[in-house]
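Undergrad: Residues per chain are reported as follows:
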Amino acid sequence: AQSVTQLDSQVPVFEEAPVELRCNYSSSVSVYLFWYVQYPNQGLQLLLKYLSGSTLVKGINGFEAEFNKSQTSFHLRKPSVHISDTAEYFCAVSDPTGNQFYFGTGTSLTVIP
Amino acid sequence: DTEVTQTPKHLVMGMTNKKSLKCEQHMGHRAMYWYKQKAKKPPELMFVYSYEKLSINESVPSRFSPECPNSSLLNLHLHALQPEDSALYLCASSSLAGGYEQYFGPGTRLTVT
Numbered sequence: 040a041q042s043v044t045q046l047d048s049q050v051p052v053f054e055e056a057p058v059e060l061r062c063n064y065s066s067s068v069s070v071y072l073f074w075y076v077q078y079p080n081q082g083l084q085l086l087l088k089y090l091s092g093s094t095l096v097k098g099i100n101g102f103e104a105e106f107n108k109s110q111t112s113f114h115l116r117k118p119s120v121h122i123s124d125t126a127e128y129f130c131a132v133s134d135p136t137g138n139q140f141y142f143g144t145g146t147s148l149t150v151i152p
Numbered sequence: 007d008t009e010v011t012q013t014p015k016h017l018v019m020g021m022t023n024k025k026s027l028k029c030e031q032h033m034g035h036r037a038m039y040w041y042k043q044k045a046k047k048p049p050e051l052m053f054v055y056s057y058e059k060l061s062i063n064e065s066v067p068s069r070f071s072p073e074c075p076n077s078s079l080l081n082l083h084l085h086a087l088q089p090e091d092s093a094l095y096l097c098a099s100s101s102l103a104g105g106y107e108q109y110f111g112p113g114t115r116l117t118v119t
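As you go down the protein sequences, you meet chains A and B in turn. The first sequence begins at 40 in this note's numbering and counts up one residue at a time. The second sequence begins at 7 in this note's numbering and counts up one residue at a time.
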């Protein structure tokens with residue numbers, strides 16, 4: 040089974056500062072990679088995904104992520120955060136069959152005014 | 007339209023009650039999922055339906071009974087639940103034609119008293 044590691048459980052950052060949320064996965068075989076955001080009392084919303092091709096993936100709300108196969112990482116970045124970005128962020132990996140998702144433990148991003 | 011709807015939004019039930027959660031999607035997706043999510047934790051997979059057939063049951067207690075009446079609908083029947091079953095229950099769907107990103111509904115907040 041896959042494992043997904045989000046090393047930072049909580050990340051506080053000042054408004055308009057850049058942020059990076061880290062994600063590492065265990066598999067050496069082809070996988071699909073995703074970042075989801077969850078606002079309080081809501082479901083998960085897809086931010087971006089990596090399936091193949093360019094290793095830099097752009098998503099919604101100004102987020103982007105870079106796939107690094109050699110380091111088995113898929114870190115999420117935003118150059119300038121807003122108060123509205125305060126939420127829980129989950130990295131997820133899908134096996135090549137798409138039968139199952141493996142979620143990381145989540146990173147709570149708090150944007151400080 | 008990338009919407010997954012869930013009803014009800016909130017549910018309070020006693021340990022002897024029988025209730026059902028409902029999920030609907032109109033994206034033509036052929037895979038549907040039930041997840042359970044505790045506060046500040048990632049979603050935990052419960053069941054997967056592929057082409058209206060149960061393909062994955064993650065050793066969920068029999069007090070949870072899933073049903074997939076057709077390709078657009080997914081139900082979760084609840085009976086004799088325990089207080090520790092209180093959680094956010096999320097439904098998701100995905101295309102089996104590639105990509106595999108899952109689209110999540112807003113969830114049902116379940117409280118067992």
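There's no promise every hint is true.
[Unchecked claim] Calculated cross-link-like contacts (lysine to aspartate or glutamate; reagent style EDC-like; alpha-carbon spacing at most 20 Å):
#1 47/B <-> 124/A
#2 44/B <-> 47/A
#3 47/B <-> 54/A
Note that these hints are calculated values from the structure, not bench results.
Undergrad: Given the proposed pairing of residue 47/B with residue 124/A, does the C-alpha separation stay at or below 20 Å?
TA: Holds, at roughly 19 Å.
Undergrad: Residue 44/B and residue 47/A: Cα distance at most 20 Å?
TA: This hinted pair holds, its Cα atoms lying about 19 Å apart.
Undergrad: With the threshold set at 20 Å, check whether the alpha-carbon distance from residue 47/B to residue 54/A stays at or below it.
TA: violated (25 Å)
This entry does not satisfy hint 3, going by the numbered hints stated previously; all others are met.
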